[in-house]
Structures are given as C-alpha cells and as structure tokens.
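Student: Each chain, written out:
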Amino acid sequence: MSLQTVLQSIQNSGLSLWIRQNPAIFPIIESLHVVAITLVFGTIMIVDLRLLGFASHRRGANKLIAELLPFTWGAFILAVATGCLLFTANAPAYANNTQFRLKLLVILAAGINMAVFHVTTHRRIAAWDTVMPPPTAARVAGVTSLLLWVAVIYIGRWIGFTLDILF
Amino acid sequence: MSIQTFGQWLYTTPVAATIRETVWIIPTVQAVHILSIAVLVGSALVSNLRLAGVFAADEASPAIIRRYLPRMWSALGILLLTGLVLIVAEPGRTLNNAVFWTKMALVLIAFVLTLVFQKPLLQSPPAGNGSDKSAMTKPVAWLSLVLWTVVIFCGRFIAYT
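Heads up: the sequence lines are chains A and B, in that order. Numbered according to the working numbering, the first sequence spans residues 1 to 167. Numbered according to the working numbering, the second sequence spans residues 1 to 161.
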C-alpha cells in the first residue's frame, strides 16, 4: 500500500468525513490546538529563559524544570492529538504541504535538542542548579529551544495560508 | 459615521491595502500575535495556579506575581498592536463581527480581574501571603484561566464568522 493510498483511506474514513461535514468541528479542534500550543510555548519559554539566565519564580533550575515540564508534556500531547484530527480531515492536502512537512521537521529538531540537553547538561544540573548565569551548554540549549518553537508556530501559521484544500 | 462605514473607509486606505497585498505581513503578524498569547497564557497559568493554591505553594504569591505580571503587560501591549494591524487590514472581518467584540469584552474583564486581584500583591511584603486574604482569590484565579481559554476560542472563531 503506497503512502497516497494510506492518505486517501484516511481522507475517506468516517472520522474525516464527520469533521468535514460538521462546520463547527474544525474550528473547535483548531481552537484546542491553539490553546495547547500557547501552553506548550508559554511553559517551555519560562524554562528556556531560565536556561538563558533570566530568573523565574524558582531559584533552582532543576525544581523549575521538574515543576513545569509536566504541563509542557500534557499540552504537547493535546497539541499532537488535535493536530492528528486536523490532519485526518484533509490528509493528502497536509501531507503535500511544504510548510506542514517543515513544521514536523522543526518539531523533531526541538525534540532532539531537548533529548541532548537531558542526557548531557541536565545530568550535571546539581553543579549549576542555582548558578547564574548558567553554563554555556545550558544557554545554547535554551536559545535553540526558543528559536525552534518560535519557528514551529510561525511555520504552523503559514499552513493556513498555503494549504490546498480549505473547505 | 457608523462602524460599518468606518470599516469600509478603513479598508480602502493605502495602509490597509499595503498590509493585505504584502504576502508575508498578515501571517507574520498573526504568528507574533499567537506567540504573545503564549507568553500571556504561560504567565497567567503559573500566576493563577499559584493563587488557586495548587502550584508552587511553598513560594509566596507576591514573589510569583512580581515575576510574571510585567510579562503579561508586555504581552498585552504587543497583542493590542498586532491586533490593530490585523483590524486595519481587514476591518470587515472584525468590526462587524460579534465574536470579535465578545473577545474584546472578555479580554477587558480578564485584565480588570488581573488588576484587581494580582496588582495589589506587588505592594505586599515579599514573604507575606496577601493572596489568601480574599475568599474570592481562588475562584477568580480559576475564572481567569477559563476566560483566557474562551478568548483563544473566540480568536479562532473570528475567522469563521
């Protein structure tokens, strides 16, 4: 089964049809997607700014990260779930959209950046927990994360202007 | 001059035409608008969950408000500015739209609640816990988070009404 057949069968599914046939559903899913995005970026930004050396409500970076990341993850799961529903409504159009593909790549890059931070700099956090400014590696991870998430939101907004099918 | 004729006049101005005809302006301004909402939502989340007593309860509320309230004001400034650009470009989409005015009313209410329930905490001593003095603080904190969520829904629905 080729990718195009898979995309077409998603497009022909009952769920996809249901979203397209009820005009209120798509904007509701989009709104939830935006709520999720603002929570992802709003919480991860506080952590990223702390990694860059901007004080937060916690003195230690470790406690801040432990406290905020559950919110970031919860919101990210909501963003992915609502994103999947939006994709289902117009699978072939999204799959062929350059901005959509680029957005997925940048999300992947943000994930890799976070994973690298967690297995390297974060392992040694006890040594720099309350040190200001934080070590260069932490600052690099912070600024990279901020730039990548800004890019995700910017590219994401472009999808709405470039998608082939808008019903 | 009715708001409808004002919108029609605004639409014909050169500045509105320029914004509409320059391909990158509207998506970029909308992206900055969403990023500012994210800054606001992140700050509102931490502040209101603290005031509701379910987050960082071992930190004093005034210390948290002092950290995040200025971010909310900066975000509001950028939101009004980018929102204005979007209104100028497409006045018909907003000025004649009940969802837009609902959103504006809710933003106003949310910020008045922020002024009344958060700003006074800036004056209380850092170690004090001024928030718990008012029985209204907790419900208002939850209400604020609901209001911001509804504001985001309204914002998205402007495009569909």
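There could be a bad hint or two in this list.
[Claimed, not checked] Straight-line distance between alpha carbons at most 20 Å, and here's what the computed SDA-like set of lysine to any residue pairs gives:
#, chain 1, residue 1, chain 2, residue 2
1, A, 63, A, 132
2, B, 138, B, 148
3, A, 63, B, 148
4, A, 63, B, 6
5, A, 63, B, 63
6, A, 63, B, 119
7, B, 119, B, 82
Hints are computed from structural coordinates only; laboratory data are not their basis.
Student: If you check each hint against the structure, which ones fail?
Tutor: Of the numbered hints given earlier, those the structure breaks are 3, 4, 6, 7, listed in rising order.
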